[in-house]
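What follows is the residue order along each chain.
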Amino acid sequence: MELDKLEISLRRRTSWEAIDLGFALARRWFMPLWLLWLSSAVPLGLILFFFLYDELGWLMLIIWWFKPLYEPPLMFWLSRAVFGEQLPVKTVLRQWWSVVRPQLLLNLTLRRFNPSRSFTLPVALLEQLRGAARRDRLRVLGRNQSAAAWLTVIGIHLETVLQMAFITVVFMLIPEDLRWTSFGDLFMAPGKLGDWLQFAGALFCLSIIAPFYVAAGFTLYLNRRSELEAWDIEINFRRTSERFKSESSRRSLTGVASLVLAAVMVFVVPLISTPVDAAQQVSARDARPLIEHVLEDEAFGRYEQTHRWEYVGQPESNSSTDNRFLRWLENLLKGMDTTAADTNKTGINLVELGKILVWIIGIALVVFLIYQIINNSQWFSDFQSRRVRQEKNKPVELFGLDLRPDQLPDDPAAEARRLVAQGAFREALSLLYRGALVYLVTQEYIEIPDSATEGECERLVRNYRSKAEADYFNTLTNHWLRMAYGHIVPAEEPVIMLCQQWQEVYGNVES
Amino acid sequence: MNESQGQDQLSDKVLRKLGQLEQEIGKAVIGQRQVIRDTTIALLAGGHVLVEGVPGLGKTLLVRSLAAAVGGVFNRVQFTPDLMPSDISGHIMFDRKTDSFRVRKGPVFCNFLLADEINRAPAKTQSALLEVMQEQQVTIEGQTYELQLPFLALATQNPIEQEGTYPLPQAQLDRFLLKVYIDYPSVDEELQMVKQITSDSVANKLDVSSIQEVLKPEEILSLQRYTSKLEVDEQIVAYAVNIVRATRDWSGIETGSGPRGSIALLRAGRANAVLSGRRFVTPDDIKAVAPAVLRHRIKLSADLEIEGYQPDDVLKDILSNVQAPRV
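Chains as they are written, first to last, in the working numbering: chain A, 1 to 511; chain B, 512 to 838.
Quick caveat, the hints were computed from the structure, so don't treat them as lab data. Some hints could be false.
Stated by the list, open to error - From the structure, some residues in chain A lie toward chain B, with a derived Cβ separation under 10 Å: (1) Asp177; (2) Gly362; (3) Asn463; (4) Tyr464.
What the hints assert, rightly or not - Here are a few chain A residues that sit away from chain B, every Cβ distance over 10 Å (derived from the structure): (5) Leu104; (6) Val140; (7) Leu178; (8) Gly184; (9) Ile208; (10) Leu295; (11) Lys355; (12) Gln372; (13) Tyr485; (14) Ile488.
Backbone N, C-alpha and C fix where the C-beta goes; we use that ideal spot for every residue, glycine too.
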């Protein structure tokens, strides 16, 4: 590893500073990173589109699920770029499969919901570790590293916010007069356009966030290795060595400085960079005076005195059980800023908390996608058993006529005959017509709107009922129309005939 | 009962002839059944028709066929930007032979007038025709001349090529009983039409020689009187009024129809009932004629127009929401 070729300035950084450095890298090299992400995602999207163009929900889910497939090329490119070798995108794409392949299956399955995905990726990709070696390595690297999980959590939130913002902007850019739907319906109502918009927004936002996510994970990894292996110190010594070499060549520097430098290089560098080896060569007792001797030098003679406020009074007694949750929350918030030792005191492991959060968000996302798929497609229709005809709400009143069966006499035909005998033809025909409508609405579930005219009712009956019934209804309607609107009193015989036939056709009306 | 029987007999006689009228027109005008039906409704109701359609769909042929089937006088006026009112109504000219002024009656003096592309003439000329349609009389130099009845004006508009046109104002549109859309014929109808017209025919002359005269102008007048006396139940009147009133409060309609719309709805409904062979009007009659009666009497809001809605779309909504009468 040629540390002196590093493009970034290594120093001790907190995790958050490391993430910030990653974002700076992503901003600097956004275009190649973005192109690399798209080079992996777009072909897959196109292939899937051929099979699932009717199933946008599935398409979105698969593209989202395959994110670990698109990220290794970005990591690979970054790993070269930080050491001064900015590969052309084409070069990375030529070896795309060899970059993506290591542990791909695991990345897409068991490790898919790993909250530290971008942080652990270099171990598999760059260090080529697998199995127990990988686990041990991650145990060392991941100690006290909760920032990687938070990076994932924040990334998910940013993706969601960006996606919402994207759709909102598109919606706002549509002139008000041309808006065919409300904002809520665009999100929630099933419909191709809304789905496509969400899909386009999701894809766009994934592609925007991915370079930052991968770069931040990589700088976290670099920062951790630098911390463990003292890369920054090694680089400084190398530079010092280079400087001395160049100066000695120019000014024939005395051998004293070289001696001191050599002594330091021999004793100190191994001591710091590889503490385990150093422990084998120099005992702690021998090392102490050596270190003190080195520290006596002016370069190490700088002391800083810092001040901070600390509460020294007695903690407020709070015996109320109602405040237990608040105290727990306080501990939790404190725990976010504490070290591992502190987290042990509070009993909160932030990495675990992050994992739980990511799992919850992941599961919620999958449930949401499944809900969308079920709502927006007929994919499951083949598996659904045929719906049992459910009883619909029966209208109580239709076009001014009381349609409740209990408002009809037990035997409408007999009642109509009685009315005919009394000369009340209008009432008789009205009763027969109303009874027929009650049958059609309540027994046959024919939807007759309030605005339906007699002619439209007749067409509905002709469409949905038998010819014999339609013929009878036609005759009944004609008599009713002549009576109701033409005020033409019919002869007694055809009305009696209608009463008899009514019993045969609609005799089984439930009362 | 005797009166009822008499009405029945009159109705049978009338209906038989009316049925033949539509058949005769159909001999020359292939397809376009709804247009023929609407034109016949306007004839029976004593109204006028505004036909909208692209050129070459048989509008002239329709009016000529109607004139041939009824035995009336047919005239056609091609409206142009330089057309003057006197070109339609007529004017007084000095006759050197008799050394006096004499009236030269314009093309409006006929039974069936085709006002082709009425929106190409300026408002002054349009008004001259519309006055004739409303009053059924023409005033030339202070002298009033009654038109020979029946009089039916069929004005046409071209929905395309709107440059240089003078759209009819809402108040003038209201004078037309019906506005009818004439659309392209179906494949079969067009095949039949092309065969029929090109067979034994020189140039583009419209052939109405196959049409027999089935009704005389006087019979048309009696039919119009019969139609106007057709019985209408109170519920039907209320239904027509409810539909028209709904256009005034309907979302998406800037200006609804006035009372003239209700009147036109009943007149057209009566005519539709006569054509359907009934002596009374049903809600179906009103509903059937409502689009043609109301589509030119409502003005959609700018929102709906921009979104591409047509008056028929809104009327369809209204008709499916206004409760039909039940006795």
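So, going through the hints one by one against the coordinates:
1. Asp177: Holds - the Cβ of Asp177 (chain A) comes within 10 Å of chain B, reaching about 5 Å at its closest.
2. Gly362: 41 Å, violated
3. Asn463: Where the cut-off is 10 Å and the nearest Cβ of chain B is about 16 Å from Asn463 (chain A), the hint is violated.
4. Tyr464: Since chain B brings no Cβ nearer than about 19 Å to Tyr464 (chain A), farther than 10 Å, the hint is violated.
5. Leu104: 50 Å, holds
6. Val140: 65 Å, holds
7. Leu178: 7 Å, violated
8. Gly184: 20 Å, holds
9. Ile208: Label holds. Min Cβ-Cβ 34 Å, cutoff 10 Å.
10. Leu295: 81 Å, holds
11. Lys355: The claim stands: Lys355 (chain A) keeps its Cβ more than 10 Å from every Cβ of chain B (closest is about 51 Å).
12. Gln372: 28 Å, holds
13. Tyr485: Since the minimum Cβ distance to chain B is about 5 Å, Tyr485 (chain A) lies within 10 Å and the statement is violated.
14. Ile488: Non-interface label fails for Ile488 (chain A): nearest chain B Cβ at 7 Å, not farther than 10 Å.
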